[in-house]
Amino acid sequence: MERTKPSLDVAKIKKDFPIMERKIHGKPLCYLDSAATSQKPRQVIEAVSEFYSNYNANVHRAIYELGEDATRGYEGAREKIAHFINARSSSEIVFTRGTTESINIVAYGWGIKGKLGKGDEIVSTVMEHHSNHIPWFFVQDYKGVKLSWIDIDDEGYLKMEDLDRLVTERTKMVAVTQCSNVLGTINPIKEIAKKAHEVNALCLVDAAQSVPHFPVDVQNLDCDLLAFSGHKMLGPTGIGVLYGKEKVLEEMEPMLGGGEMIREVHLGRATWNDVPWKFEGGTPDPAGAVGLGAAIDYLSSLGMQNVRKHEIELNAYGLEMLGKIKGIRILGPMDPKKRGGLIAFTIPEAHPHDIAAILDAEGIAIRSGHNCAQPLMERCGIPATARASFYVYNSPEDIDRLIKGLKKVQEVFA
Amino acid sequence: MAYEMYQEQILDHYKHPRNRGEMPDADLQARDYNPLCGDDLTIYLKTDEKGTITDVKFTGQGCAISQSSASMLTMMLKGKNISEAKGIDPDRIVKMLGIPLSAVRLKCALLSLQVLKKALFSKELSQAETMKE
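So the protein sequences, as listed, match chains V and D. In case it helps, our numbering puts the first sequence at residues 1 to 414. In case it helps, our numbering puts the second sequence at residues 1 to 133.
Among the clues, some could well be false.
[To be verified] Pair by pair, the computed Cβ-Cβ distance ranges are: (1) Glu4/D <-> Lys324/V: 21 to 31 Å; (2) Glu8/D <-> Ala11/V: 34 to 44 Å; (3) Asp154/V <-> Ser122/D: 39 to 49 Å; (4) Lys190/V <-> Glu8/D: 36 to 46 Å; (5) Gly87/D <-> Gln374/V: 28 to 38 Å; (6) Arg329/V <-> Asp12/D: 17 to 27 Å; (7) Lys15/V <-> Glu4/D: 45 to 55 Å; (8) Asp91/D <-> Arg61/V: 49 to 59 Å; (9) Lys190/V <-> Asp12/D: 47 to 57 Å; (10) Glu79/V <-> Glu4/D: 29 to 39 Å; (11) Glu4/D <-> Gln305/V: 44 to 54 Å.
[Stated by the list, open to error] The following residues of chain D were derived to be distant from chain V, with all beta-carbon distances above 12 Å: (12) Glu84; (13) Val94; (14) Ser102.
[Unchecked claim] Pairs of lysine-lysine, PhoX-like flavour, derived with a Cα cap of 20 Å: (15) Lys326/V <-> Lys15/D; (16) Lys57/D <-> Lys15/D; (17) Lys107/D <-> Lys95/D; (18) Lys118/D <-> Lys57/D; (19) Lys407/V <-> Lys46/D; (20) Lys245/V <-> Lys190/V; (21) Lys107/D <-> Lys46/D; (22) Lys408/V <-> Lys15/D; (23) Lys46/D <-> Lys57/D.
Hints are computed from structural coordinates only; laboratory data are not their basis. If you're wondering where the values come from, they're calculated on a predicted model, not measured in any experiment. Beta carbons: idealized from backbone N, C-alpha and C, even for Gly.
With the hints as constraints, model all of the structure from the sequences given.
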């Protein structure tokens with residue numbers, strides 16, 4: 001593979017991440033678990049610290065200057081996010097705690113409180129993360145709607161003939177991940193959204209593993225709703241986004257009642273605020289929003305096309321090197337361009353948990369377990385996987401360390 | 001910590017589990033699951049009229065710690081009285097394994113005991129139900 005002209009200057013980037021100086025069991029940290037949560041650059045940490053040090057106040061309430069600064073920071077971050085995913089306006093951007101909360105807001109406000117009834121159907125896929133399964137289970141239990149799931153083929157691609165078969169006039173929602181957190185498969189969202197719209201259904205996209213890793217343009221995809229998390233894209237934990245077309249958001253009922261989300265309150269009745277604030281009941285997380293804004297600035301300065309190219313390079317090298325291990329089973333597409341920057345695998349000698357424990361002793365952090373995708377594990381016929389995932393601070397040397405670590409695992413369990 | 005965890009006896013029980021297999025005519029049995037890593041374990045017990053455990057088997061899949069713990073526990077149980085088995089506490093399991101365990105791996109280590117207690121408790125439940133009738 002070509003390693004002469006890297007897309008990102010990883011050595012320089014790494015210097016921005018204070019945690020990369022940490023030693024784990026006396027060894028330099030080799031962090032290969034960004035699909036679970038990414039590390040944070042100094043620029044993000046400082047933005048959060050700066051918020052608390054210089055302009056902390058409650059947003060949208062305080063009349064004084066400090067409050068206006070805080071509101072400007074919070075709403076400014078919303079503008080940045082809108083621009084980052086090419087939303088039409090910042091009123092399409094709802095701040096949430098993360099992808100899970102975003103999808104739950106839809107399942108409640110559109111599903112449980114909506115016009116759905118018996119005979120209606122929601123279509124999803126077998127490769128979803130639990131956060132794009134369970135909220136729809138709630139809707140199923142409350143409204144008696146039928147759920148169905150698009151299957152995958154042997155390579156880990158969605159069976160598109162299932163999409164044609166399952167999406168019918170009864171379908172009201174197609175909820176699908178843009179990039180599987182286990183298989184890495186990148187799904188054809190544009191095509192799926194088009195199919196959903198043909199039957200007047202909505203299309204919701206779980207973008208937790210896509211927005212952090214490659215350019216996402218919501219207008220181009222033409223999805224109706226899209227959810228992602230700040231902490232997987234260099235931002236703080238506890239802040240996330242629900243994008244929704246304005247009309248779709250307007251028709252949804254709010255999930256959280258309280259301050260901020262109201263227009264008028266009388267005893268026993270109230271009217272709601274405009275979107276997006278209608279969905280932001282309670283004091284929000286402006287420091288988190290500002291931190292996420294800083295993360296977006298950081299990613300934009302690298303260029304999302306370059307981030308994507310970098311991860312394809314790591315995929316190619318990772319698939320090549322892991323593929324040499326005897327007996328290894330790699331999940332998902334073998335084409336590095338067709339998957340997000342992650343590789344889940346099993347080896348015959350050791351359980352993923354034991355793999356992760358031994359790698360930890362070598363300073364290498366990977367995910368092991370069912371990856372919050374138990375239905376997919378069942379579908380693949382395995383209880384768990386080991387997963388290495390890549391981001392802007394990873395280099396081919398990290399993959400070399402992973403391979404060496406796996407050799408140690410094989411020695412221990414030989 | 002990891003290398004100390006994978007000592008010879010742990011690996012030996014993992015690779016060559018004792019008392020592994022199903023027991024269709026078990027007097028007591030229970031299954032449990034560790035959602036963290038997908039460790040899955042079923043323990044089967046055969047008892048005589050005096051309440052002595054005459055045979056033990058286990059099935060399941062999971063990490064080396066959970067499976068070796070199950071293997072070692074089944075060895076410990078044979079010939080014990082049910083009331084004695086009920087008295088086995090987590091410390092005993094940790095001593096039996098004899099390896100350093102983080103809080104996370106402790107759950108893997110103790111899954112066997114959890115399943116055993118569930119199996120022993122299931123009898124009490126069924127007895128209580130019988131008495132009600």
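Hints versus structure:
1. Glu4/D <-> Lys324/V: 21 to 31 Å: holds (30 Å)
2. Glu8/D <-> Ala11/V: 34 to 44 Å: 42 Å Cβ-Cβ, so the 34 to 44 Å window holds.
3. Asp154/V <-> Ser122/D: 39 to 49 Å: Because 41 Å falls inside the window, the suggested range holds.
4. Lys190/V <-> Glu8/D: 36 to 46 Å: violated (56 Å)
5. Gly87/D <-> Gln374/V: 28 to 38 Å: Since Gly87/D and Gln374/V have Cβ atoms about 35 Å apart, the given range 28 to 38 Å holds.
6. Arg329/V <-> Asp12/D: 17 to 27 Å: Holds - the Cβ-Cβ distance for Arg329/V and Asp12/D, about 26 Å, lies within 17 to 27 Å.
7. Lys15/V <-> Glu4/D: 45 to 55 Å: violated (34 Å)
8. Asp91/D <-> Arg61/V: 49 to 59 Å: Holds: the Cβ-Cβ distance is about 54 Å, inside 49 to 59 Å.
9. Lys190/V <-> Asp12/D: 47 to 57 Å: holds (54 Å)
10. Glu79/V <-> Glu4/D: 29 to 39 Å: violated (53 Å)
11. Glu4/D <-> Gln305/V: 44 to 54 Å: Since the Cβ atoms of Glu4/D and Gln305/V sit about 46 Å apart, the hinted range of 44 to 54 Å holds.
12. Glu84: holds (31 Å)
13. Val94: holds (17 Å)
14. Ser102: violated (9 Å)
15. Lys326/V <-> Lys15/D: holds (19 Å)
16. Lys57/D <-> Lys15/D: holds (16 Å)
17. Lys107/D <-> Lys95/D: It holds: about 15 Å lies between the C-alpha atoms, which stays within 20 Å.
18. Lys118/D <-> Lys57/D: Since the Cα atoms of Lys118/D and Lys57/D sit roughly 15 Å apart, the hinted pair holds (cutoff 20 Å).
19. Lys407/V <-> Lys46/D: violated (42 Å)
20. Lys245/V <-> Lys190/V: holds (15 Å)
21. Lys107/D <-> Lys46/D: violated (26 Å)
22. Lys408/V <-> Lys15/D: Within the cut-off at roughly 17 Å; holds.
23. Lys46/D <-> Lys57/D: Answer holds: Lys46/D to Lys57/D is near 9 Å, not above 20 Å.
Going down the numbered hints, you'll see the structure goes against 4, 7, 10, 14, 19 and 21, while the others check out.
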